[in-house]
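Visitor: Each chain, written out:
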Amino acid sequence: MTTKTGPPTVHTAQAAVVGAGPAGLAAALELARGGLDVLLLDEQPEPGGQYYRRPGPEVLRTAGDHRPEGANLISRVRESGVRLLTGHTVWGVDDDRRTLLAVDPDGTPVQVRADWIVAATGAYERSVPFPGWQLPGVVTPGLAQHMSAEGVRLGRRTVVAGSGPFLLPVACALLERGVRVVAVAEAGRPYAPGVAALGALRFPSRLVELASYFARLTRHGVRVHQDTVVAEAHGGDHVESATLVRFSDPGRVVARHEVDVLCVGYGFRPQSDLPQLFGCSMERDPVTGDTVPRLTPVGRSSVPHVYVVGEAAGVAGAPTAVARGRAAALDILAGCGRVPDHRTRRAAAVRMASLTRFTRLTSALYPSPADLVTALTRELPGHTLVCRCECVTADTLREAASAPGGSDVPAIKGDTRAGMGLCQARECGPALEALRTGGAGTGTVPARVPLRPLPVTAVLGFSDSSREDS
Amino acid sequence: MNTFDAVVIGAGVLGAATAFELARTGMSVLVLERGAPNREGSGTTAGNLHIQAVHTRRPGQEVPLDSEGLLPAQKAADTLWAEAEHRLEADLEVRRNGGFMVAETPEQREELYTKHVWEQRAGLNTELLDGDTARAALPLLGPTVTAATWCPHDGYANPLKAAPAYLAAANRLGTRIKAFTPVTGLERRGSGWRVYTPDGHHDAPVVINTAGPWISEVCALAGVDLRMAPVAIQMHVTARERPVLHHLVQHIGEGLSVKQVTAGNLLVGGGWPALGMNLQGRSTASVESLAGNMAQATRVLPFLAGLRLLRMWAGPLAATPDEMPVIGPVPGQAGLYVAGGTYAFTFAPLWGETLSRMVRGEPTRIDVSSFAPDRLTATCGSTDRTTSAHTEKGTAPC
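Going down the list, the protein sequences come from chains F and B. Going by my numbering, 110 is the number at position 110 of the first sequence; the sequence numbering is gapless. Going by my numbering, 239 is the number at position 239 of the second sequence; the sequence numbering is gapless.
Keep in mind that the hints were calculated from the coordinates and are not lab data. Just so you know, even glycine gets a beta-carbon here, dropped at the ideal spot from N, CA and C. Misleading hints may appear alongside valid ones.
Stated by the list, open to error - Distance ranges between label pairs, derived from CB positions: (1) 238/F with 125/B: 49 to 55 Å; (2) 378/F with 185/B: 38 to 44 Å; (3) 153/F with 280/B: 52 to 58 Å.
Just need the whole structure built from these sequences, with the hints factored in.
Guide: If you want it as structure tokens, here you go:
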């Protein structure tokens with residue numbers, strides 16, 4: 001086996017945008033329109049991110065494009081002169097704290113040097129462990145939607161559970177593929193008419209959308225349980241049934257359903273590792289419990305040339321992601337003396353403000369993720385596998401958290417190996433943080449390098465010889 | 001309770017082992033730790049048990065260490081690691097499967113021959129192999145390896161388990177452990193010491209400073225200038241693999257150590273310097289060191305190039321100007337002891353026992369007079385602090 005790799009490919013640009021989802025596409029387009037030389041990197045083979053993920057040709061032919069605005073945005077980006085580098089995984093930041101390190105689809109190391117960095121790295125799905133979540137057949141809503149969009153029927157009977165507005169379209173997508181959705185379980189009570197819900201009246205198009213989801217669910221006889229969560233998935237080598245309980249009274253069983261697919265997720269959380277590697281100042285969002293970068297309203301971080309946009313800046317949905325991408329781009333253009341006209345900037349600011357109001361109203365309808373994770377984690381039976389990669393149970397973690405003398409999140413990880421597996425705590429991170437009930441020390445799982453497991457050969461090109469040339 | 005027989009400062013593996021050994025003799029012990037136990041050098045180290053003579057220089061190191069001078073301590077440490085799990089009633093994943101020290105260039109081969117002579121003189125069982133014989137014994141070795149020494153005693157213990165097991169055993173014997181409690185003052189009181197923390201003070205006739213990177217800071221609280229410097233080095237780990245490498249592999253001329261840990265991950269280190277030292281938070285690992293370390297690792301063990309890198313991290317340690325360990329009573333400060341420096345993980349069981357015997361006035365297992373702190377101390381103000389001259393130095397993985 002050869003251990004030689006070529007020297008890194010070096011790309012330079014005025015601006016580098018990481019992530020070609022709605023926010024990254026919008027930012028790249030605006031920057032290119034402003035006359036900057038722009039590189040747009042994405043780890044996927046095609047641009048679009050999760051939200052504007054392009055369906056396969058088969059699906060396009062039979063079902064059409066469910067989000068034509070995505071195709072439109074992508075084609076405008078392609079025409080704008082943006083250099084698009086798909087299949088490029090950004091895995092770190094070089095010692096100069098400026099150069100992006102990536103690997104191309106052939107495994108060749110790549111360096112990207114740019115005056116401005118826009119991190120549009122999107123979000124992870126927010127999972128909360130429960131007994132049986134390691135069983136085959138237990139999936140996340142994001143996976144269920146993606147597979148359904150690709151025309152895959154995930155199973156015969158399912159329950160869609162968790163919290164947040166995303167559960168309804170996912171349930172509808174599963175129905176469309178012929179999966180029998182026995183129930184939707186929502187941890188909160190967002191669909192009870194109340195003061196908070198009335199705010200949605202100011203966004204009538206969203207009310208129409210919501211009503212159409214409910215109409216479809218009702219037509220198929222799907223029961224929507226509120227204040228309900230999955231307490232356990234049962235099964236041998238595959239999920240066979242799920243027990244649903246009251247979120248506010250976990251002792252009370254709501255239902256037990258036979259399923260061959262169980263779809264559970266609690267929305268999304270920002271993927272903010274890259275800003276951390278740039279040294280951006282971070283803070284804990286008290287509502288979500290997530291570690292997020294400290295940003296100005298236009299997405300500028302504490303490191304002046306680094307902007308964070310889209311879901312990576314705080315989960316708020318695709319329209320907000322697009323608006324954030326544009327706002328950051330306009331600010332960068334202003335920063336390099338290419339002042340966009342006043343009306344463009346004003347329009348962007350107004351749009352952002354309106355979307356921010358909508359996001360606030362929506363999130364007020366659902367329980368705060370921080371409270372949800374804390375409450376659900378507290379109830380976990382001791383035998384629950386919290387870290388699926390390294391098979392660490394809740395009992396083991398609780399014991400580590402109460403070590404003589406005190407403990408913190410890195411110490412709990414070290415003691416138990418939780419979060420040290422392939423996913424590097426991307427799945428169990430929030431639960432790990434919640435299982436520690438306070439005290440001094442580090443309360444969060446820090447960003448790791450590489451950001452994704454990386455072929456060893458992809459770093460060899462960065463050793464001495466190639467460095468001296470650069 | 002505010003009075004103890006001994007206060008140990010630092011809940012890394014050295015502090016933990018010392019607390020355990022003191023508690024075993026019936027002493028009341030308090031361990032004070034500024035952060036979480038085992039979170040700094042002891043929890044971020046490679047966990048190698050270095051029994052054959054070590055390479056003398058690593059990337060960036062200015063002074064070669066006295067490799068021969070360490071051999072008696074390594075031999076003694078081997079004996080103590082062999083019984084550590086039994087004494088602690090805990091699984092530390094101690095594996096003493098032996099290890100190779102490889103050479104590539106003619107100069108490195110010469111070093112290997114010299115080292116082998118020292119080992120024979122010290123009565124340590126090692127074997128000298130040429131490149132082909134070494135490859136026959138370990139087919140994973142690459143074609144650039146021209147010679148190797150084999151030592152059946154080299155091994156590994158899980159650094160994430162060692163200090164916690166020592167602390168738990170000490171705790172069972174009545175030792176009190178206070179984490180997130182930094183020491184803010186050290187004051188002579190009669191024949192003993194008063195140790196100040198933000199939560200109040202504690203009195204003890206004996207204070208043991210095993211504060212790792214903070215060892216000099218803690219000494220300075222007692223008015224002692226200990227010439228040691230914090231240094232951050234880094235480690236790299238691959239995703240899990242089926243068991244492929246059963247031995248420790250090191251390099252005689254360059255900083256390199258590779259082994260497969262019990263969980264299946266391949267751990268690559270060798271004391272490459274991190275990007276910077278951050279004593280307030282986590283130090284940042286350097287991409288240049290990552291690339292350098294992985295380049296030599298894949299040259300010596302080409303199969304590594306087919307694996308996936310999972311994570312890298314940096315950890316601190318405290319280096320002495322001569323790269324040798326430090327252990328013993330601080331001159332002129334009755335009851336104050338220090339221990340730290342080179343290969344602290346390998347030596348932890350030995351230094352714990354040694355300190356405990358010193359405190360009780362008993363003879364130590366080996367002569368440690370050449371590691372005494374007097375070579376590094378002066379009272380504050382009487383000499384220039386020279387620690388800053390050493391901060392750039394890479395040093396040994398423990």
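Visitor: Each hint: holds or not?
Guide: The hints, checked one at a time:
| no. | hint | in the structure |
| --- | --- | --- |
| 1 | 238/F with 125/B: 49 to 55 Å | holds, 54 Å |
| 2 | 378/F with 185/B: 38 to 44 Å | holds, 40 Å |
| 3 | 153/F with 280/B: 52 to 58 Å | holds, 54 Å |
Comparing the model with each earlier hint shows no violations; every hint is respected.
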